[in-house]
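Visitor: These protein sequence lines are chains W and A, in that order. Sequential numbering from 1 applies to the first sequence in the working numbering. Sequential numbering from 1 applies to the second sequence in the working numbering.
A portion of the hints provided could be inaccurate.
[Stated by the list, open to error] Reference listing, derived: stretches of chain W covered by chain A, where coverage requires no fewer than 3 residues with Cβ under 8 Å from a Cβ of chain A:
hint	segment
1	5 to 11
2	35 to 47
3	72 to 81
4	101 to 113
5	151 to 159
Hints are computed from structural coordinates only; laboratory data are not their basis. Each residue gets a CB set at the ideal place from its N, CA and C atoms; glycine is no exception.
Here's the letter readout for the chains.
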Amino acid sequence: MDWLTYFLLFLKASLLSTGGRGPFPYLYTDLIARGWAVESNFAEALTVGEISPGPSGLWVVSLGYLTAGLPGALLASLAITLPPLLVLIVARVHSRLKSLSATAGVLDGLVLAMVGSGAVVLANLFIANGVNAITVAIGALATVLAFDGRVPTWAVLAGAALAGVLLLQ
Amino acid sequence: MTTSMVSSSLDAPTTPCPSLFELFTTWLRIGATSFGGGSATQLLIQQRFVTCRHWMTPGAFAQDWAIVQFAPGINLIAITVLIGHRFGGMPGVVVSLLGMLGPAVAITIAMTALYSQVRDWPQVQGALRGITPALVGLSIAFMWRLLKEPLAGLKRRGRRGPVAGLILLAVATALTALGVPVLFAYLAGAAGLGIFYAVTSHLPKEEPWTG
């Protein structure tokens, strides 16, 4: 394992994105291309991120552990902690930034890009997991429940896990 | 409570600033009891700092939250840094981050380590095969909600706004599907809409595009 490259990949993913899911397309493509992660690692890490305390963006820490053990988890923690420190600089120039009309465009454009890249990466994750009637049904049902919003995320995941144990072993 | 404070506007905090120790324990509580992140955690932070302890006014919190939107990385970590700095300078940042992330990271690592012990069980593999499509479904809804804000901004620029947004969305999707590094999709989105917003800023905001 080339630790410096490993750390820099995580740092890039966090620095050049926003939100907890922003690093997802970067890490998925970079780590799988280098053979440092397999597709299922992302489903594992995202699940831990959803059920562990703290920001759901901590799924990146779980990914670090799954791909490189404790050192990986600690490097991942450092990589997601450093970029938000830049908020102290942002706070100083915030009023000037806000008055620029391009700023809102940059932020909105980042969201669009994340959704576009994220859709591709999610499709790859879905396909790698196996496409059949049951996985399609689980995916469709989870989408409907998530849009509806009345069933909490953990319950959707627990139901899907149970369906998997019973039907997909 | 002094009279000057009573007579002051909504913008004045009503209790003194938290000490470093109070900062640490407050963030510790938030970090260890918040699940899933997002708006639920945002509300929890607001409760602790604004509603319960009156260390911050609602206006100050709203302003900090607005600033955080411009910062890279996880918003909840950026708000931790910003509020920590507001009350304790750099030491405040350090204790706030330790409180917010220390136990949460430790528990995340412990849960992953436990999972690693059982990941080869056939039942666990079956569960994961069921969870993966559910995660994809949850993410579709999550990303749809994320699109609301850019869509509002784009609509304000008339009919060509949504068209420009759709084109950039397609470009980002196509680039990533073709195996181009994700960075270029993000750069295309940020630069594309940044330039589009800059050149359309002269348009009247209220008047919808009718051409």
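Visitor: Now look at each hint and say whether the structure bears it out.
Guide: Going down the list of hints, with the structure as the test:
1. Only when three residues or more bring their CB closer than 8 Å to a CB of chain A does the claim for the segment 5 to 11 of chain W stand; here the count is 0, and the claim is violated.
2. Counting residues of the segment 35 to 47 of chain W whose CB lies closer than 8 Å to any CB of chain A gives 6, so the stated coverage by that chain holds, three being the minimum.
3. Coverage of the segment 72 to 81 of chain W by chain A holds. Counting CB-CB distances below 8 Å, 4 residues qualify, and the rule asks for three or more.
4. With a threshold of 8 Å between beta carbons, the proposed coverage of the segment 101 to 113 of chain W by chain A holds, since 13 of its residues qualify and at least three are required.
5. Remark: the segment 151 to 159 of chain W is confirmed as covered by chain A, as 5 of its residues place a Cβ nearer than 8 Å to a Cβ of that chain, reaching the required three.
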